[in-house]
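Novice: Could you put the whole structure together from the sequences, leaning on the hints where they help?
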Amino acid sequence: MPSADACDPLDGLPSNSLLLSTLRCLLKGLPSKLPAVEYSFKSFSVRDESVEVRGLVGAVNHELEVAFQTHVKGRRFLFPGRGAGLEAVVDVLEKYFGQLPGGLILRKWADDLIQSAELTFKAHGEEVFLTASP
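All residue numbers for the sequence shown refer to the UniProt record's numbering, where the first residue is 1 and numbers rise by one.
Everything labelled a hint here was simulated from the structure, so no lab data went into it.
No residue lacks a Cβ here, since even glycine has one placed at the ideal position from N, Cα and C.
Treat the hints with caution; some may be incorrect.
With a straight-line cut-off of 25 Å between C-alpha atoms, the simulated SDA-like cross-links for lysine to any residue are [as the list claims (entries may be wrong)]:
#1 Lys-28 / Leu-130
#2 Lys-73 / Gln-99
#3 Lys-73 / Glu-94
#4 Lys-42 / Leu-20
#5 Lys-95 / Ser-17
For each label pair, taking beta carbons as the anchor points, the in silico distance ranges come out as [stated by the list, open to error]:
#6 Leu-104 / His-71: 29 to 35 Å
#7 Glu-118 / Glu-38: 18 to 24 Å
#8 Val-53 / Gly-74: 37 to 43 Å
#9 Pro-35 / Gly-55: 17 to 23 Å
#10 Gly-98 / Arg-47: 16 to 22 Å
#11 Arg-47 / Glu-126: 26 to 32 Å
Specialist: See the structure below:
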C-alpha cells in the first residue's frame with residue numbers, strides 16, 4: 001500500500017509519478033532470461049488522422065493496444081522480452097500524462113503494464129523486488 005504522501009490527495013490513488021517509477025523499475029528488472037525485445041517506444045508517436053478521429057487520449061490508447069496486441073493477449077499479459085525499447089514506454093506515458101492531466105486511461109495502462117510485469121516475473125519463477133527511491 002502506498003504511503004499517504006505518495007497518493008493523490010483528491011482520490012487516494014497512487015500518484016502518476018509513483019506509478020511511472022514503479023513501472024520503470026519493474027521493466028528495467030525484467031528477468032534476464034528474456035531476450036531483447038522488439039518493442040521500440042523510443043520513437044513512439046500518434047498519427048494526426050488517429051487524433052482527429054479518436055482524440056488524443058483515444059489515439060494514444062489505440063497505438064498502445066496495437067503495440068502490445070492487447071486485442072489478442074488481453075489487458076494483462078507476459079512480456080516476451082526486455083530492454084530499453086520497452087522501457088521507453090514509461091517515457092511515452094509520462095509525456096502524455098503531462099498533456100492529459102487526470103488521464104484515467106493512461107493510469108489504467110500504467111497499472112496494467114505493472115501487473116503484466118509482475119506476471120512476467122512470476123512466470124519465470126522470480127520474485128518482484130522494488131527498491132525505494134531516495
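Novice: Hints first: check each against the structure and report whether it holds.
Specialist: Hints and how they fare:
| no. | hint | result |
| --- | --- | --- |
| 1 | Lys-28 / Leu-130 | 11 Å, holds |
| 2 | Lys-73 / Gln-99 | 28 Å, violated |
| 3 | Lys-73 / Glu-94 | 24 Å, holds |
| 4 | Lys-42 / Leu-20 | 16 Å, holds |
| 5 | Lys-95 / Ser-17 | 12 Å, holds |
| 6 | Leu-104 / His-71: 29 to 35 Å | 20 Å, violated |
| 7 | Glu-118 / Glu-38: 18 to 24 Å | 21 Å, holds |
| 8 | Val-53 / Gly-74: 37 to 43 Å | 24 Å, violated |
| 9 | Pro-35 / Gly-55: 17 to 23 Å | 36 Å, violated |
| 10 | Gly-98 / Arg-47: 16 to 22 Å | 20 Å, holds |
| 11 | Arg-47 / Glu-126: 26 to 32 Å | 37 Å, violated |
Of the hints listed earlier, those the structure fails to meet are numbers 2, 6, 8, 9, 11, in rising order.
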